[in-house]
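*Asks:* Sequence:
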Amino acid sequence: MTGTATETGTPKAGWYPRAVGAGLGFTLLSNFGLAMVLTLLPVAVLHGGRIAPSVFSFALSVHVGSALVGALITPIAFSRVHPAWVLTIASSLKAAGFVTVAVSTSAPALYLFAVLAGLGVGISRPAVRSLLVAAATDDRRSQVFQVFFILLNTAYVLAPLAAGPVGRAGVPALLVLAVVETAIGITVGLLARGLDFALPPRGANGLRGRLTVLRTPAVAVVLGYTFAIYFAMGFLYAMILLYEVVNPAQAEHRTLFLSFQPLAIIAIQLALLPFFTRLRRRALYLIVAVGGGTGLVLSFTGSLTLILAGLTLFAVAECLAFPKIQVEAADTVPQSRLTDVIALVSLVTAIGEICGNMAAGLAVSTSASWLPQPAHFGMGVGVLAGLALLVGGLAVTRYVMPSGASEATPEVAPGGSADGSPDGSPDGSPDGSPDDSPDAPPGASSARDRT
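Each number in the numbering used here corresponds to the 1-based position in the sequence shown with 581 added.
Hints are computed from structural coordinates only; laboratory data are not their basis.
Cβ coordinates follow ideal geometry from the N, Cα and C atoms, glycine included.
Don't take each hint at face value.
What follows is a set of in silico ranges between Cβ atoms, one per label pair, in the way DEER data are often shown [said to hold, decoys possible]:
{"no.": "1", "residue 1": "861", "residue 2": "687", "range": "53 to 61 Å"}
{"no.": "2", "residue 1": "951", "residue 2": "635", "range": "29 to 37 Å"}
{"no.": "3", "residue 1": "863", "residue 2": "822", "range": "30 to 38 Å"}
{"no.": "4", "residue 1": "861", "residue 2": "961", "range": "28 to 36 Å"}
{"no.": "5", "residue 1": "718", "residue 2": "687", "range": "46 to 54 Å"}
Could you build all of it, start to finish, from the sequences and the hints given here?
*Replies:* Structure representation (structure tokens):
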């Protein structure tokens, strides 16, 4: 199950619409199915009763932990497997989880479901991103990831609406979902198997070898920026869930805030889709820093209008930062090491979100009397987050060189090049690109010189 793979790390660059469509379709349908099951399990009557809230809460924690493990082991266990077939494996694990709760919703069965579905989620996260990066050309990659996050949020918005009818259908519906999930995985594997994907060298599968990418400054700054934006997101989400304590005067609108955020993200992503690639990198990171920091501050004020404005600003920051992280990650290393970086990005994403949740818990802790009021604490975190995102964005623009090269190339005098060569190319190539090889992978022209 290796698909079309290249041992040298230099696959043919190009646009693979079938692979892109397969990856995006997997993102929508697979996440929709799992989110629907997670939504219906605590409220549906299955096997003659409902799941105890404490049992489901612990199972949810097991699910998140298993997803972390899945993201961590993917570059090691599946480094020699084409990402399309890795998604087939991920779908099979999720389907097995669905079958488990269709058979029984006892505590052991629920925990087994959490492990299987969590591993499927964790494995699929780096795999689907690696697939999309490899299948999209440099000029289309940003838009592909914009659509990726639109579909991801659409799945999470639609899943609760479908959970009610599916829950009433009971066990047969879970079995149907298992069959559909399996079919999704097989279809993705078949559609994307023709994608030429660079495999790492044989013998480079150890954990220590995988972590050597952390020595690359570009990788380190991308991971740091990823942590900052997902910490802010996890903090804001948890604080809204705890709004009765954080901002009692506006607690009655908590449901509105929770619904408003994902809908705002989808609307903003659709609006930004035609303009995303036109934004200069520094302008984008400046908007993220100002919007993210200001949005967090306003989200803890006493005015409903200001809170909604803050949530909107933070949604703008998310819509710009999340797709850009995936694009920047693709430009840090050659494609043969791409799975390692994407797996680390997925891992840091979860760690950042968890740390944000923990910070929110600290903010409302009654035992920490030395802390300011929760709302003031949230505003302080907003200021610090804005500064961290600003510094992190500047670091990314300095250390990560876009493979597109258009906005990364310095101003050049007519007839000359940035380094003084007369042919307009940094290395003397006649076409003005750093690497005129037709087999250069996306991002290799900038990353090969740094690794």
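*Asks:* Give a verdict on every hint.
*Replies:* Now for the hints, and whether the structure bears them out:
no., hint, result
1, 861 to 687: 53 to 61 Å, "holds (56 Å)"
2, 951 to 635: 29 to 37 Å, "holds (32 Å)"
3, 863 to 822: 30 to 38 Å, "holds (34 Å)"
4, 861 to 961: 28 to 36 Å, "holds (30 Å)"
5, 718 to 687: 46 to 54 Å, "holds (50 Å)"
Violation of the numbered hints given earlier is absent; every hint is satisfied by the structure.
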